[in-house]
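Same order as they appear, the protein sequences are chains G and V. No gaps in the numbering here: position 184 of the first sequence is 1610 in this note's numbering, and each next residue is one more. No gaps in the numbering here: position 121 of the second sequence is 426 in this note's numbering, and each next residue is one more.
Keep in mind the hints are simulated off the structure, nothing from the lab. Even glycine gets a Cβ: it sits at the ideal position worked out from N, Cα and C. Any given hint might turn out to be false.
Once the Cα atoms are required to be at most 25 Å apart in a straight line, the calculated BS3-like pairs of lysine-lysine come out as [as the list claims (entries may be wrong)]:
| hint | chain 1 | residue 1 | chain 2 | residue 2 |
| --- | --- | --- | --- | --- |
| 1 | V | K388 | V | K321 |
| 2 | G | K1582 | G | K1443 |
| 3 | G | K1490 | V | K388 |
| 4 | G | K1540 | V | K426 |
| 5 | V | K377 | G | K1476 |
| 6 | V | K321 | G | K1469 |
| 7 | G | K1490 | V | K362 |
| 8 | G | K1469 | V | K377 |
| 9 | G | K1494 | V | K377 |
| 10 | G | K1494 | G | K1476 |
| 11 | G | K1490 | V | K400 |
| 12 | V | K362 | G | K1476 |
Here are the in silico distance ranges between beta carbons for each label pair [to be verified]:
| hint | chain 1 | residue 1 | chain 2 | residue 2 | range |
| --- | --- | --- | --- | --- | --- |
| 13 | G | V1621 | V | R371 | 25 to 35 Å |
| 14 | G | E1475 | V | K388 | 39 to 49 Å |
| 15 | G | F1451 | V | L357 | 56 to 66 Å |
| 16 | V | N326 | G | F1659 | 34 to 44 Å |
| 17 | V | E402 | G | L1618 | 38 to 48 Å |
| 18 | V | G417 | G | L1631 | 24 to 34 Å |
| 19 | G | A1542 | V | L328 | 40 to 50 Å |
| 20 | V | W405 | G | M1586 | 20 to 30 Å |
Okay, here's what each chain looks like letter by letter:
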Amino acid sequence: MLFDMNTLLLKNFFRSKGLMVGLLFLLGAGLVSLHIGKLFLDKNQEIIEKTAHYQQESIARNVKFHSKEIGLLLYYVRFGLVNEMSPLAGLSMGQRDVHPSLQSVTIRNLEEQKYATDLMNPMYQLLSNLDFSFVLICFFPLIIIAFCFNLISEEKEGGMWSLVLSQSSRPLSMIKAKILIRYASVLSVLVLLLVVATVYLHLPLDAALLAFALTSILYMSFWFALAWLVVSFQKNSSQNALILLLSWVLLTLAAPAYQCFDPTFVPCSRGV
Amino acid sequence: MGDDEAAPDALALKEKLQKRNRLSSIVGLFFPTVHVQLSLNALSLSDMDNYLHFLEKLEDFHEQKRLYFYPKIFTEVPVVSEKWAAFGLEYYREKVEVQWLKMLLPLLIITGLCLGWASLKFNKNGNEENFKLS
């Protein structure tokens, strides 16, 4: 009896076009973000290699022009220091797209050289890159909400709920099976993306990668737990959707903007 | 020297950035999205801490070059006597410190709270499953 029910639930899940489109969207967005990460890593690698070569050339040229006076020569000579980028930065760019990973400094005052960055469009910087962490943090919850908001309410609104209650001695196990199917499907998309990332970005198999994967999986599980909680209130579809979407807005948009209300904010004297 | 004059302000800026960093971690304890973003950044060495450490290393690097060259400038060492080809690009490698408990515990706790509350809702009347008809 239980085995038949689960097969039916599975069949229903795979036949539902909306749910399949949702999974494909996640996969597509994830793959695009991985490609953007790869381009970012490659560009950084190229810059470092070019600078390594250019530094030698530039020093040699300066030595040729200012061969008489070492003080004058050292006014111009630049020495580069590289902040080595972990391959994981392709998945989660963080500050690496704002602050350069390579600083070339002269022996003049450091304070005016420290904050030099490349010319970049501030609008694009504000929007930030579509990297894997963005897809994980913002897109995955939306799909999870879309999958889970009407777990019980779709049965109720479809008129099947009274049948389920009368036929089955444990209706909770049916609802649990529904959410577990959805959990397994989103988890497999996440694991697939992580595997593709490991291969495509040549990520070393170390503790950091494991921690990254575990954090991503736990985050996804949190959203399923939240959806499960909202489902347990047994409200109708639109109320469930509203509650979950409001939580999404609060968690992904409002919380990171807390800095506007930072009580420790005191402007530095004279600024730097 | 310009650097010495700017030193107190530079220090104030650093402290401000560190304070903000700490505040972000505390906010992250309550908001899983912020926590996950900060954790993933920390694992990828693309967070504020890494940037601040790099700036410190840059200061040391700069100081070391100055200490090496200033005596040579003031004693007017001939340019050709220096092995210029030996000055290549230098690298700062930071090692990732994975703090398992600090990273996973907030997520586990909040997930557990959600599941616990949901099971209370589902089993309101003791063992009987609490389902409304509509």
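Ascending list of hint numbers which this structure does not respect: 1, 4, 5, 6, 7, 8, 10, 11, 13, 14, 15, 17, 19 and 20
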